[in-house]
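Engineer: Sequence:
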Amino acid sequence: MNESKRALYGLLSLMTFLWSVNYVVAKVALRHFPPLLFTPMRTVAAAALLILVWRQTGFGAIRSDWKRVVFLGLVGISGNQVAFMFGMARTSVAHASLIIALMPVLVLLLSAWRAHERITPRKVVGMGMAFSGVAVLNLAPSRSAQGATLPGDALIFLAGLTFAIFTVAGRNVTRSLGAIPVTAAAYVASAASLVPVGLWQARGFDFSRVTVGGWATLVYMAVFPSVVCYLIYYHALSKIPASRVAAFSYSQPLIATLTGFVTLGEPVTAAVALGGILVLSGVWATSRG
36 MNESKRALYG LLSLMTFLWS VNYVVAKVAL RHFPPLLFTP MRTVAAAALL
86 ILVWRQTGFG AIRSDWKRVV FLGLVGISGN QVAFMFGMAR TSVAHASLII
136 ALMPVLVLLL SAWRAHERIT PRKVVGMGMA FSGVAVLNLA PSRSAQGATL
186 PGDALIFLAG LTFAIFTVAG RNVTRSLGAI PVTAAAYVAS AASLVPVGLW
236 QARGFDFSRV TVGGWATLVY MAVFPSVVCY LIYYHALSKI PASRVAAFSY
286 SQPLIATLTG FVTLGEPVTA AVALGGILVL SGVWATSRG
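Start counting the sequence shown at 36; every next residue gets the next number (our numbering).
No lab work stands behind these hints, which were simulated from the structure alone. Using N, Cα and C, we set each Cβ at its ideal position, and we do this for glycine too. Incorrect hints may have been included.
Claimed, not checked - Pairwise CB distance ranges, derived in the manner of DEER restraints:
id : residue 1 : residue 2 : range
1  : 243       : 174       : 40 to 46 Å
2  : 207       : 270       : 42 to 48 Å
3  : 258       : 163       : 19 to 25 Å
4  : 207       : 254       : 31 to 37 Å
5  : 211       : 293       : 39 to 45 Å
6  : 154       : 101       : 29 to 35 Å
7  : 71        : 38        : 45 to 51 Å
8  : 239       : 156       : 53 to 59 Å
9  : 90        : 69        : 29 to 35 Å
10 : 156       : 38        : 19 to 25 Å
11 : 270       : 206       : 15 to 21 Å
12 : 155       : 298       : 39 to 45 Å
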């Protein structure tokens, strides 16, 4: 392996770790901020950073497809982040990370619905395994002991679905206009939609009670998952096949679950282990089918 490949895999490992830790950071953030205040602040901060990156690469001709970009911002970012934060308030790190791991399956289903991909028998088996894993998580008696609820898991599933929509609906416009301009413009559209909600939530909120740790969660979630990880992801896609980039995502639930156990004391039960094996095996089979 040459130096450049080693450096790239190092960046992908960093990306995986940062995205994995994001679940725990979200749980901590919710101790300091209500979801409908935190989400607009995070989105506005991320949009500002992405505009700076977008400026460095040159402002693309977003006007030619602005309606689709606005749709991506409203559904794939605003909808995704609101569902994610409300979901994290009602479920565990392990449950959330495993449900989000279903996203490749959701992308496949949406792509097949739009006649972009064909569902093979092997993919059907893989999808069955993946959804069986989620069923194991939610039917296990230990669910409540983990701090997980069915509504919370449903909201996390919705977050995964909205991002899958972002991925599928944004595929063509991203190819034509570029990933960074589309992502930045979508974040701007999302921020514009969320600012009124954030201002409404800010009324009467005592910001002086937020600790340094609380503000640190905002900085982390605005900078790393929203900007740094996306830049690494798109850079990697330009250098190596998408399948190799996707392979790094399989370790996210494991890292997230272990981080939740160490930092939050969330138990790792047999249901989480079995559900995790089924979900990840199913996603792998679906991706390879």
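Engineer: Each hint: holds or not?
Structural biologist: Hints versus structure:
{"no.": "1", "hint": "243 <-> 174: 40 to 46 Å", "in the structure": "holds, 44 Å"}
{"no.": "2", "hint": "207 <-> 270: 42 to 48 Å", "in the structure": "violated, 21 Å"}
{"no.": "3", "hint": "258 <-> 163: 19 to 25 Å", "in the structure": "violated, 38 Å"}
{"no.": "4", "hint": "207 <-> 254: 31 to 37 Å", "in the structure": "holds, 34 Å"}
{"no.": "5", "hint": "211 <-> 293: 39 to 45 Å", "in the structure": "holds, 40 Å"}
{"no.": "6", "hint": "154 <-> 101: 29 to 35 Å", "in the structure": "holds, 33 Å"}
{"no.": "7", "hint": "71 <-> 38: 45 to 51 Å", "in the structure": "holds, 46 Å"}
{"no.": "8", "hint": "239 <-> 156: 53 to 59 Å", "in the structure": "holds, 57 Å"}
{"no.": "9", "hint": "90 <-> 69: 29 to 35 Å", "in the structure": "holds, 32 Å"}
{"no.": "10", "hint": "156 <-> 38: 19 to 25 Å", "in the structure": "violated, 43 Å"}
{"no.": "11", "hint": "270 <-> 206: 15 to 21 Å", "in the structure": "holds, 18 Å"}
{"no.": "12", "hint": "155 <-> 298: 39 to 45 Å", "in the structure": "holds, 40 Å"}
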